[in-house]
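Asks: Protein chains in written order, with the working numbering: chain X, 1 to 383; chain W, 1 to 383.
Hints in this document: simulated from the structure, not taken from any laboratory. Nothing here was measured: the structure is a model prediction, and the numbers come from that model. Idealized CB from N, CA, C, for every residue including glycine. Watch out, some of these pointers could steer you wrong.
Not close to chain W: a few residues of chain X, all C-beta gaps over 10 Å, as computed [stated by the list, open to error]:
#: 1; residue: M1
#: 2; residue: A160
#: 3; residue: P161
#: 4; residue: A296
#: 5; residue: C364
#: 6; residue: V382
Chain W is faced by these chain X residues, among others (derived, beta-carbon under 8 Å) [claimed, not checked]:
#: 7; residue: P306
#: 8; residue: D360
#: 9; residue: G380
Number of protein chains: 2
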Amino acid sequence: MNPESLAWNERLVGLPGGAARLDTPALVLDLDAFEHNLAAMAATARAQRVKLRPHAKTHKSVTVARRQLEAGEVVGFCCAKLGEAEALARGGLDHLLLTSPVFGESKLPRLLALHVRLADLAVVVDDPQQVEALAQAFAAAGRRLRVLVDVDVGSHRFGAPSVADALALARRIAAEPALELAGIQGYAGSIQHIADYAERAAAAGPVAAQLAEIRDALRAEGLRCPIVTGAGTGSHEIDARGGVFTDLQVGSYAFMDVEYLDCVLAADGSPRFRPALEVRTRVLSRRHAGFVTTDAGTKCFATDGPLPRVVGGAPAGSTYRMAGDQFGRLILPEGTEGPPLGAIVRCLVPHCDPTVNLWDHLVCVRGDTVEAIWPIEGRGAVA
Amino acid sequence: MNPESLAWNERLVGLPGGAARLDTPALVLDLDAFEHNLAAMAATARAQRVKLRPHAKTHKSVTVARRQLEAGEVVGFCCAKLGEAEALARGGLDHLLLTSPVFGESKLPRLLALHVRLADLAVVVDDPQQVEALAQAFAAAGRRLRVLVDVDVGSHRFGAPSVADALALARRIAAEPALELAGIQGYAGSIQHIADYAERAAAAGPVAAQLAEIRDALRAEGLRCPIVTGAGTGSHEIDARGGVFTDLQVGSYAFMDVEYLDCVLAADGSPRFRPALEVRTRVLSRRHAGFVTTDAGTKCFATDGPLPRVVGGAPAGSTYRMAGDQFGRLILPEGTEGPPLGAIVRCLVPHCDPTVNLWDHLVCVRGDTVEAIWPIEGRGAVA
Numbered sequence: 001m002n003p004e005s006l007a008w009n010e011r012l013v014g015l016p017g018g019a020a021r022l023d024t025p026a027l028v029l030d031l032d033a034f035e036h037n038l039a040a041m042a043a044t045a046r047a048q049r050v051k052l053r054p055h056a057k058t059h060k061s062v063t064v065a066r067r068q069l070e071a072g073e074v075v076g077f078c079c080a081k082l083g084e085a086e087a088l089a090r091g092g093l094d095h096l097l098l099t100s101p102v103f104g105e106s107k108l109p110r111l112l113a114l115h116v117r118l119a120d121l122a123v124v125v126d127d128p129q130q131v132e133a134l135a136q137a138f139a140a141a142g143r144r145l146r147v148l149v150d151v152d153v154g155s156h157r158f159g160a161p162s163v164a165d166a167l168a169l170a171r172r173i174a175a176e177p178a179l180e181l182a183g184i185q186g187y188a189g190s191i192q193h194i195a196d197y198a199e200r201a202a203a204a205g206p207v208a209a210q211l212a213e214i215r216d217a218l219r220a221e222g223l224r225c226p227i228v229t230g231a232g233t234g235s236h237e238i239d240a241r242g243g244v245f246t247d248l249q250v251g252s253y254a255f256m257d258v259e260y261l262d263c264v265l266a267a268d269g270s271p272r273f274r275p276a277l278e279v280r281t282r283v284l285s286r287r288h289a290g291f292v293t294t295d296a297g298t299k300c301f302a303t304d305g306p307l308p309r310v311v312g313g314a315p316a317g318s319t320y321r322m323a324g325d326q327f328g329r330l331i332l333p334e335g336t337e338g339p340p341l342g343a344i345v346r347c348l349v350p351h352c353d354p355t356v357n358l359w360d361h362l363v364c365v366r367g368d369t370v371e372a373i374w375p376i377e378g379r380g381a382v383a
Numbered sequence: 001m002n003p004e005s006l007a008w009n010e011r012l013v014g015l016p017g018g019a020a021r022l023d024t025p026a027l028v029l030d031l032d033a034f035e036h037n038l039a040a041m042a043a044t045a046r047a048q049r050v051k052l053r054p055h056a057k058t059h060k061s062v063t064v065a066r067r068q069l070e071a072g073e074v075v076g077f078c079c080a081k082l083g084e085a086e087a088l089a090r091g092g093l094d095h096l097l098l099t100s101p102v103f104g105e106s107k108l109p110r111l112l113a114l115h116v117r118l119a120d121l122a123v124v125v126d127d128p129q130q131v132e133a134l135a136q137a138f139a140a141a142g143r144r145l146r147v148l149v150d151v152d153v154g155s156h157r158f159g160a161p162s163v164a165d166a167l168a169l170a171r172r173i174a175a176e177p178a179l180e181l182a183g184i185q186g187y188a189g190s191i192q193h194i195a196d197y198a199e200r201a202a203a204a205g206p207v208a209a210q211l212a213e214i215r216d217a218l219r220a221e222g223l224r225c226p227i228v229t230g231a232g233t234g235s236h237e238i239d240a241r242g243g244v245f246t247d248l249q250v251g252s253y254a255f256m257d258v259e260y261l262d263c264v265l266a267a268d269g270s271p272r273f274r275p276a277l278e279v280r281t282r283v284l285s286r287r288h289a290g291f292v293t294t295d296a297g298t299k300c301f302a303t304d305g306p307l308p309r310v311v312g313g314a315p316a317g318s319t320y321r322m323a324g325d326q327f328g329r330l331i332l333p334e335g336t337e338g339p340p341l342g343a344i345v346r347c348l349v350p351h352c353d354p355t356v357n358l359w360d361h362l363v364c365v366r367g368d369t370v371e372a373i374w375p376i377e378g379r380g381a382v383a
């Protein structure tokens, strides 16, 4: 929490030129780019007659989720953790899918409380023990939970490891009166960031085929499989065209980041989405030739991906690296003069999901104006 | 924020065996180890007749700061950002030093408001422009601010780059009626993690000599230099013995982490501090031979340092790596059986400062009992 900094930035909302006066560092959302991204993803979904189930792990924000809903083609939201779903539910959102298993004594009462609150809540399982625990808890409460079978499509993190395992789990769910078999999930996280489109498409094909095989086998047994969910920003167009997925778990498209900017996301090679998310940082010290020290370090940027990309406020060719938890180093090209003390430097975020999770608010700008400040209600909701 | 998870864990406080029932993932502080660490650092300071100015960038917690104060030899606290200082001040703490420059239109009113609130607030500068801005703002407000000259002792991040520059800055401060020259700061961040004690001592010597030279030159000119502050957990014993520093800016010693556990911190080779900070995570999926998937990933562990170290709940020799933002992979030694679904795995944190900054609460345990839950008030206070 940074209430004094927030108060300063809130006073800038609506003032002409307010964006130049931000207290920094700040996580800034370019609303024009953000709205373009939501519209572009909705248009793809509409054209391909597939639905969207945006993943809240990217933004953890009620307002962002509402905007996604308004952009169209959205059937619900994905949440990685129960806490994320609770945050969205508190904000009035519904139709939530928990995309990883929920297990254990502390989770079941929370899951039940969330179920009571929502019209539509679904979870995934990958183990018979999870099915048993959910069935017992929901039967005891006199409620019925929608459950999907999670399928391991190559990430080896979660998921039934074989078609036979997936079918066995589905039968087990279907046999429980307190559970409703709602379909299957296969999230191929490991292929999303393959930079080359054709290579990514070649990797996505077998994933869809694996899910189609399971879906068809379930139907052949008379079991229902209304949902086949998965995909991500990387494979969204490929999977939309493939016709197997009923809905796409896209997340990063809304904000974009350095990781995804290096991937060709549309078959025609066009840049479908625009970078919308920046950290704005100011120059704090300039006592050396060749670089200046700024006010954003590893407490502002996730370090699991590439480095931030400098897109404004510095000579062309400047690069950025961390100088500890709270500071950065803007490295200047040979022979250039660094920005003055207090100047704003704009950096695209390296990997959006964990970067957003460092911040409590999104400062939303349109051009030079701060238009709004949105809370990130699910920040830190890792449990 | 994760209020439902917090509510569950709060209900466990004081219950026998409560630690085994924690909602996970959770950031857990072992109070026995923590108290040992505070006592050990205070004892070193007492023996060497040096004071401590613990750095709040590590813990960002009012309660941790209070415990440090109670442990003794503390003259104040360091804060990396204004927001951190504001968080400590709201919690009633005083004698705060801002260890990096404060500059710009949004910061000065906040600094003034904080100055009004505290008996003792000091800042550092490394540029005449900063001195001028502070002098103007404090003169206009009719207040007097204590200012230290920051000296670049090798990190090349902040600091006057030469002895002559440091002296010029000090003269400039001393000439401003609204400013009081309070001393000098030299933080040698780059030497703190040198694993070998003798090698670290060899690197620390010239740093102290550089600061002593500036201090002596200031005194020779009739300028005051009551404070010579710097050092860290890595060099604390070396710098305490050296006799140049008046106080040590130690931080990580309270919690420790994998990075510091690999450093010899005492001349006699003894492990002076005990690892006190863990992330406790549970097994969420076990559908593969050789590893299981847990519920803590890059949103729970900082990734700028080494990997988490597994210290409980898994076969000896197990290792941990990230499996995305929300999950981990516990890799099992050949031929061992993984822990069951829902079992707790205990991991020492890789780098404590940015890891703590991911969490809203410290769950404090003593043995099997949850003794308290402390808020991390300054989490995310990066501005």
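Asks: Hint by hint, note whether the structure agrees.
Replies: Results of checking the hints against the structure:
1. Listed as outside the interface, X/M1 is inconsistent with that label: its C-beta sits roughly 6 Å from the nearest C-beta of chain W, within the 10 Å cut-off.
2. The beta carbon of X/A160 sits about 7 Å from the closest Cβ of chain W, which is not more than 10 Å, so the claim that it is off the interface is violated.
3. Its closest Cβ contact with chain W, about 5 Å, brings X/P161 to no more than 10 Å, contrary to its assignment away from the interface.
4. Some Cβ of chain W comes within 10 Å of the Cβ of X/A296; the nearest lies about 7 Å off, and the non-interface call is violated.
5. The Cβ of X/C364 sits about 17 Å from the closest Cβ of chain W, beyond the 10 Å cut-off, so the non-interface label holds.
6. Chain W draws X/V382 into its interface by the beta-carbon criterion, the shortest separation being 5 Å against a cut-off of 10 Å.
7. This hint is violated: X/P306 has a C-beta 13 Å from the nearest C-beta of chain W, more than the 8 Å allowed.
8. A hinted interface residue such as X/D360 counts as satisfied when its beta carbon comes closer than 8 Å to some beta carbon of chain W; here the least separation is about 5 Å, so the hint holds.
9. With 8 Å as the threshold, the beta carbon of X/G380 comes within range of chain W, its nearest partner Cβ sitting at about 5 Å, so the hint holds.
In this structure, the hints that do not hold are numbers 1, 2, 3, 4, 6 and 7, in rising order.
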